[in-house]
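My request is simple: use the sequences and hints to build the entire structure.
Once you know that position 133 of the sequence shown is 133 in UniProt numbering, the rest is easy, because the numbers rise by one and skip nothing.
It is possible that some hints are incorrect.
Said to hold, decoys possible - Using 25 Å as the maximum straight-line C-alpha spacing, the simulated SDA-like pairs for lysine to any residue come out as follows:
hint : residue 1 : residue 2
1    : 396       : 228
2    : 317       : 368
3    : 372       : 133
4    : 396       : 381
5    : 166       : 236
6    : 301       : 373
7    : 303       : 228
8    : 343       : 224
9    : 372       : 93
10   : 303       : 381
11   : 301       : 217
Claimed, not checked - Taking CB as the label site, the calculated pair distances span:
hint : residue 1 : residue 2 : range
12   : 191       : 145       : 26 to 36 Å
13   : 145       : 405       : 22 to 32 Å
14   : 301       : 362       : 32 to 42 Å
15   : 387       : 225       : 38 to 48 Å
16   : 219       : 115       : 13 to 23 Å
In short, the hints are calculated from the structure, not lab data. No residue lacks a Cβ here, since even glycine has one placed at the ideal position from N, Cα and C.
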Amino acid sequence: MRAVGRLLRPQPAVAALPRADRRLARRPGAGRRQRHPDGPAGPGHRRQFAPADDGPQQRRTRRHAGRVDPGHQQRFHMNRRPTMKISAIARLMAAAALLAGAAAAHAEAAYPDRPIRMIIPYAPGGSLDPIGRVLGEELSRRLRQPVVVENVAGAGGMLGANRVAKANPDGYTLLIGITSNVSLAPLVTPQAQYQAADFDAISMVGTSGLVLVARPDLPVSDLAGALALARQKPGSLSYGIPGTGSLYHLAMEALKSDTGTDIVAVPYKGAGQASIDLMGGQIDLALLGLPAMLPHIANHKMKALAVMSRNRDVGDKNIPSASETAGLEGIDYDIWTGVFAPKGTPEPVRQRLHQEIQAILQSPEVIEGYRKMGVEVAPPQTLAQFSAFIAGQTDKLKSDIGRTRFNPGS
1 MRAVGRLLRP QPAVAALPRA DRRLARRPGA GRRQRHPDGP AGPGHRRQFA PADDGPQQRR
61 TRRHAGRVDP GHQQRFHMNR RPTMKISAIA RLMAAAALLA GAAAAHAEAA YPDRPIRMII
121 PYAPGGSLDP IGRVLGEELS RRLRQPVVVE NVAGAGGMLG ANRVAKANPD GYTLLIGITS
181 NVSLAPLVTP QAQYQAADFD AISMVGTSGL VLVARPDLPV SDLAGALALA RQKPGSLSYG
241 IPGTGSLYHL AMEALKSDTG TDIVAVPYKG AGQASIDLMG GQIDLALLGL PAMLPHIANH
301 KMKALAVMSR NRDVGDKNIP SASETAGLEG IDYDIWTGVF APKGTPEPVR QRLHQEIQAI
361 LQSPEVIEGY RKMGVEVAPP QTLAQFSAFI AGQTDKLKSD IGRTRFNPGS
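This is the structure we're talking about:
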């Protein structure tokens with residue numbers, strides 16, 4: 001009973017209040033802020049109950065005003081909770097985006113942090129192979145990461161080019177591309193699964209000539225003589241080319257179109273076999289890459305009739321240009337070589353590669369080494385200039401295809 005009495009005895013803080021105030025103080029929730037949904041400030045207005053009881057009528061009024069309509073309360077909470085969830089999701093998404101951006105920026109700043117693959121889309125031993133290997137060695141030294149040169153031959157260079165076009169655009173897969181496989185093949189070959197626009201142009205390396213050569217016992221000494229012989233015996237002469245639908249093929253068909261001659265095309269899988277058959281007398285003429293043919297020309301195993309560029313080639317200034325022959329003043333074909341990456345490679349990575357390659361191409365040793373291969377190093381240019389060059393070359397080839405009615409599949 002004493003314990004019950006102590007529990008029933010007013011506590012000091014309440015006992016000190018007047019009787020009316022003690023009744024109010026004992027009410028549940030007394031002194032707490034109550035939510036008044038329909039208060040003078042609108043839904044959600046908060047008010048503090050008065051500390052004193054001002055009569056039964058006012059208490060009834062307060063009790064009636066303090067009732068919350070269940071429907072109103074439900075509507076209020078349904079409107080508030082989704083907003084809070086959406087806000088939390090938005091904050092999480094923003095944080096994830098910031099983290100992803102920071103990770104990408106760190107990866108780009110650290111580039112390269114692992115080996116780089118450089119794809120040469122032709123078999124080893126071709127004219128493009130030493131060009132790519134010299135560049136890969138120099139680039140590895142400057143980037144302080146291995147640059148692994150890989151020959152991915154097949155389908156006239158399209159197999160290797162397609163592999164790079166479909167690779168992850170992170171700067172770790174590069175292509176040593178040339179006119180035929182980057183710009184021309186997608187225009188004339190239905191099997192090509194890419195376009196020139198599917199690559200990011202990194203840097204031009206240089207240009208090399210196409211040389212028209214004849215078997216050593218063909219009774220001609222220059223291009224004009226070969227054309228005269230072709231006119232005398234339409235369809236009797238043959239020319240070899242590496243690959244159907246290649247730049248060599250288009251250039252020879254353009255020459256035939258401009259001169260009104262009929263010379264039969266004999267496609268080969270590569271320049272090596274074509275040159276062997278030419279020196280052996282199985283074919284009369286061949287249009288091949290000048291760098292690889294220079295030793296054979298020097299040893300008189302074949303005759304150099306002309307290069308197909310507008311100007312004489314740096315590989316051998318003694319070989320005349322086809323444009324020096326009457327009726328061919330506008331002809332201009334050479335092989336440009338460049339470095340490409342998959343479309344979408346981050347700009348900082350492209351800029352880093354571009355700067356390093358441009359520095360390599362200004363080295364006197366590299367310039368001289370390429371000159372001995374028959375490659376004239378390209379003058380310095382920006383990323384934008386090289387991209388514009390590729391677009392212009394692609395448009396020119398498209399125009400030449402229409403003018404000559406070039407259809408390698410027929």
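Consistency of the hints with the structure:
1. Annotation: proposed proximity of residue 396 to residue 228 is violated, straight-line Cα distance about 28 Å (limit 25 Å).
2. Our distance criterion of 25 Å between C-alpha atoms is met by residue 317 and residue 368, whose separation comes to about 15 Å.
3. Pair hint residue 372 plus residue 133 holds up; C-alpha atoms about 15 Å apart against a cutoff of 25 Å.
4. At most 25 Å may separate the alpha-carbon atoms for a hinted pair to count; residue 396 and residue 381 meet this at roughly 20 Å.
5. Distance check on the hinted pair: residue 166 and residue 236 sit about 44 Å apart at the alpha-carbon level, beyond 25 Å; violated.
6. For a cut-off of 25 Å, the pair hint linking residue 301 to residue 373 stands: about 18 Å separates their Cα positions.
7. For the hint linking residue 303 to residue 228, the alpha-carbon distance of about 17 Å falls within 25 Å, and the restraint holds.
8. Restraint check for residue 343 and residue 224: the C-alpha separation of about 44 Å exceeds 25 Å, so the hint is violated.
9. Annotation: proposed proximity of residue 372 to residue 93 is violated, straight-line Cα distance about 57 Å (limit 25 Å).
10. For the proposed pair residue 303 and residue 381, the alpha carbon gap of about 36 Å is over 25 Å, so the pair is violated.
11. With a C-alpha separation of about 10 Å, the suggested pair residue 301 and residue 217 falls inside the 25 Å cut-off, and the hint holds.
12. Take residue 191 and residue 145: their Cβ atoms lie about 34 Å apart, and the range 26 to 36 Å holds.
13. As the Cβ distance of residue 145 to residue 405 is approximately 48 Å, the hint placing it in 22 to 32 Å is violated.
14. For residue 301 and residue 362, the hinted distance range of 32 to 42 Å is satisfied, since their beta carbons lie about 36 Å from each other.
15. Restraint check, residue 387 to residue 225: a C-beta distance of roughly 42 Å satisfies the suggested window 38 to 48 Å.
16. Against the hinted window of 13 to 23 Å, the Cβ-Cβ separation of residue 219 and residue 115 comes to about 54 Å, which falls outside the hint.
Checked against the numbered hints given earlier, the structure breaks hints 1, 5, 8, 9, 10, 13, 16 and satisfies all the rest.
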